[in-house]
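Trainee: With chain A's structure known, arrange chain B on it following the hints.
Chains A and B, in that order, give the protein sequences.
Be aware that the first sequence starts at 1, since it is given in the numbering used here, and climbs by one per residue.
Be aware that the second sequence starts at 1001, since it is given in the numbering used here, and climbs by one per residue.
Please note that the accuracy of each hint is not assured.
[Stated by the list, open to error] Counterexamples of contact, computed for chain B against chain A with all Cβ distances above 10 Å: (1) 1031; (2) 1049; (3) 1055; (4) 1065; (5) 1067; (6) 1086; (7) 1158; (8) 1164; (9) 1276.
[What the hints assert, rightly or not] Below, simulated DSBU-like cross-link-like pairs (lysine-lysine); rule was C-alpha separation at most 30 Å, straight line: (10) A/2 <-> A/201; (11) A/157 <-> B/1244; (12) A/2 <-> A/206; (13) A/157 <-> A/2; (14) B/1276 <-> B/1244; (15) A/257 <-> B/1276; (16) A/257 <-> B/1244.
Derived from the structure by calculation, the hints contain no laboratory data.
Where a beta carbon is used, it is the ideal one built from N, C-alpha and C, also for glycine.
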Amino acid sequence: MKVLVTVKEVAEAADDFEIDGLDIASEYLEYDLNEWDEYAVEAAVQLQEAGHADEVVSVTIGPERTEETVRMALAKGVDRAVRVWDDDIAAAGLLDVDAKARLLEAVVAEEEPELVLTGVQANDDGFGATGVSLAERIGFEWAAVVNDLELEGDVAKVHRELEGGVEEHTEVDLPAVLTIQTGINEPRYASLRGIRQAQSKEIAPKTLADLGLDASAVESSFSMTAMYEPETESDATIFEGDAETTAAELATVLREKGVGAE
Amino acid sequence: MTVLAVADHRRGELRDVSYELVTAGRELAEALDAELHVAVVSGDVEAFAEHLSLDGVDTVHTVAHGEEFNHDVYVQALEALDAEVDPTVLLMPNSVNGLDYAPAVASSLGLPLVSDAVALAWDDGLTVTREMYASKVETTVDVDADRVAVTIRGGEWGPTEDHGSPAVEAFDLTVDESRVRSRVTGFEEVGGGDVDIADADVLVSVGRGIEEEENIELVEELADAMGATLSASRPIVDNGWLPKNRQVGQSGKVVTPDVYLAIGISGAVQHVAGMKGAETIIAINTDPNAPIFDIADYGIVGDLFDVVPALVEQFR
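Okay, chain A solo, but in the shape it has when bound:
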């Protein structure tokens, strides 16, 4: 079977940053593969190694720059990738959940995977909803926040990580979309050989027109109106000075609270 794994390049903000209009100024942003997607890629590659998957394809929505990030997935064993982007998508700004799901739906229609893996959420906009929204659109079954996965015939046996140290055991009929939680596996490092091989793997660029869509596919019903740093409510006592001085002051506080008393 074919496994499609969605990946996203996410921006991380530096410790100190400035906001420029409705986004963090670009010089304070660094780009990386979304942490949750790293685990989804690993899960997909492991399914291939276990003989469940014949082919693993990654899909991303992003400008040409994101190919660098997608190459990391290819270097870890993904066979090939699809990158969706054009001027209309660029002009649309922040894509809402529905717009992303519409784009991915069109890719699913072309690729016809039996299993789609996504990260639970993206570290930048954090909607945490694209995978399940996609599943509903394409008529696949789904499970969200999966931290254990076994395939048995046409059934995915998953654990869903609930709050408070409880896991739910669920059986999901394929075809399905699973949103993958961190910790499900140990994402591998890309080997030098993998990185070399990734250079020759295909990353197929697709426009809205290529997918049979037009600009209406990325119309969003919401607009961002402000971005600001949250007001801190901190009233913490901060110890200043070198490590010895601050450690001594903190130790005094800790001892007052009974820590370290014999």
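Mentor: Just chain B, lined up with the frame of chain A:
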């Protein structure tokens, strides 16, 4: 107009976010001059309806079907309720179960979904406040739609506790079993093990800032010297550097020690959800803007690799 809030429950108990949803829903209903309806699906819905008979709630809809959460049933139940109630705003929890059904419900009903809201306002339309870039910024989002689905973050609204006297209406749901393609087969408590961090009076907790597995030893040494118990934030457990039973947070243990010393922990919301009940919170972190300092009582802005050895010396 109506606001419809969907309660969250697990293994026979309503979860806290259910009462917070009522607060958020009540605020919105007042702003909209709308009724507040609450839905509870599956489980002992009659008992749940009693608990959800809260001040400001006009109607509680009970949908009896199965004992536990099943997202296929939830989707069908909310499709049917939506047709009857026609809510202007459909409020759901951004809990793990919310993540598992809310996007499907929104998509199925053709509603825009704004997830993980931390504040809501209504002025001719809905404005949602949410966080981005790992909680480093807040954004406001205006929704241009007649009807909208929203999931709210737990812990952001106070719970509604005052009783009220809403109408309780049993909703008769006919489930299309051919659309039920998932089965919950059981639950498991994970990571029991040798130590229960929930019992500890003093926790020394280590996070991503420790960088390498071998550096954990440094924090272990401090915990030993202080007579404290070692715990961790999620990335440490994901990496397999410490066992699951040491994890503090939403998906780990909720802890309430006298002293919680957070070392190299930035303070992501999921972590804070597990430790904000500590009596005294102390943070050591290089980033002065790390969210952990917002809830800390004491802090050191500095390199843990300098501060921790110095602190070990203090307790030797």
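Trainee: Just want to verify: residue 1158 of chain B was marked as not at the interface with chain A; is every Cβ pair farther apart than 10 Å?
Mentor: holds (16 Å)
Trainee: Is it correct that the beta-carbon of residue 1031 of chain B has no partner in chain A closer than or equal to 10 Å?
Mentor: holds (17 Å)
Trainee: Just double-check residue 1055 of chain B for me: nearest Cβ-Cβ distance to chain A has to come out over 10 Å.
Mentor: holds (26 Å)
Trainee: Please settle this one: residue 1067 of chain B was flagged as non-interface, so is its CB more than 10 Å from every CB on chain A?
Mentor: Residue 1067 of chain B clear of chain A: closest Cβ-Cβ about 13 Å, beyond 10 Å.
Trainee: Check the non-interface label on residue 1276 of chain B: least C-beta distance to chain A beyond 10 Å or not.
Mentor: With a cut-off of 10 Å, residue 1276 of chain B remains clear of chain A, as the shortest Cβ separation is near 12 Å.
Trainee: Taking C-beta pairs only, is residue 1164 of chain B more than 10 Å away from all of chain A?
Mentor: holds (27 Å)
Trainee: Residue 257 of chain A and residue 1244 of chain B were given as a pair; does the straight-line alpha-carbon distance stay at or below 30 Å?
Mentor: At roughly 28 Å apart (the allowed maximum being 30 Å), residue 1244 of chain B and residue 257 of chain A satisfy the hint.
Trainee: Residue 157 of chain A and residue 2 of chain A: Cα distance at most 30 Å?
Mentor: holds (18 Å)
Trainee: Run the distance test for residue 257 of chain A versus residue 1276 of chain B: straight-line Cα separation, threshold 30 Å.
Mentor: holds (18 Å)
Trainee: Sort out whether residue 1244 of chain B lies within 30 Å of residue 1276 of chain B, counting only the CA atoms.
Mentor: Holds, because 19 Å separates the two Cα atoms, which is no more than 30 Å.
Trainee: Quickly compare the C-alpha distance for residue 2 of chain A and residue 201 of chain A to 30 Å and report which way the hint goes.
Mentor: The hint holds at about 17 Å.
Trainee: Is residue 2 of chain A close enough to residue 206 of chain A, meaning Cα to Cα at most 30 Å?
Mentor: OK: residue 2 of chain A and residue 206 of chain A at ~19 Å, within 30 Å.
Going down the numbered hints, you'll see the structure goes against none, and every one checks out.
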